[in-house]
Amino acid sequence: GIQVEQSPPDLILQEGANSTLRCNFSDSVNNLQWFHQNPWGQLINLFYIPSGTKQNGRLSATTVATERYSLLYISSSQTTDSGVYFCAGWYSGGGADGLTFGKGTHLIIQP
Amino acid sequence: DSGVTQTPKHLITATGQRVTLRCSPRSGDLSVYWYQQSLDQGLQFLIQYYNGEERAKGNILERFSAQQFPDLHSELNLSSLELGDSALYFCASSVRRTGSPLHFGNGTRLTVT
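From first to last, the protein sequence lines are chains S and B.
For the record, in the first sequence the residue sitting at position 57 is 69 according to my numbering, with numbers rising by one throughout.
For the record, in the second sequence the residue sitting at position 99 is 115 according to my numbering, with numbers rising by one throughout.
In short, the hints are calculated from the structure, not lab data.
Check each hint, because a few of them may be wrong.
Claimed, not checked - Have a look at the derived ranges for each label pair, beta carbon to beta carbon:
1. B:S116 / S:G13: 13 to 23 angstroms
2. S:T92 / B:T21: 37 to 47 angstroms
3. S:G105 / B:S81: 26 to 36 angstroms
4. B:S81 / S:G13: 20 to 30 angstroms
5. B:T31 / S:Q90: 34 to 44 angstroms
6. B:E78 / S:N68: 35 to 45 angstroms
7. B:G58 / S:I120: 12 to 22 angstroms
Owing to the predicted nature of the structure, the values given are computational and were not obtained by experimental measurement.
Where a beta carbon is used, it is the ideal one built from N, C-alpha and C, also for glycine.
Throw the hints in and build the complete structure from the sequences for me.
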């Protein structure tokens, strides 16, 4: 199956700061998603972005499929943005691995 | 609210026991997936069903089994439970078998004592 690497593993920022989270894939994917897991354990679907750029409020994401990476941008961070951010991809060659997750970026926004 | 419903939210049981986790997918979604999240293994894909049939199998133990019923709800059965099975179990659903976004339920937190 594919390997998904996320960086950085941990990030501590002050409220109002901007951040960029990165996700690299070992092979091509045809389903790429970003999730936010909040402190209560809920997995919130942020973006479905196999390619291109999308924006939703203070969050935006860009996937460059040919170079096998995706970026998540968070602007003007708020304390409610704290949690773990996961990217996940599904190998475009098929297979039985389902949506493969990275280990996540643990983000802490301090007031 | 993702539209995916999982019950129960919490489950505490003893080693050697058997439990059943239940999932109702979003309306219109035909695919159901089960994932396990533990501290040391991260989010691991267990199994996928599409329209009642098993479509993909990941790191699912032989002690675990799942099925999808004609009304498209799914159940994950965990038997001969061990301490290491303690984890957060997620169900997700999607419209198609591949190439469509997954939407996750709130999970069932299983504690084996």
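For this session: Could you check the structure against the hints above and give me the numbers of any it violates, in ascending order?
Result: Checked against the structure, the only hint that fails is number 2, while the rest are satisfied.
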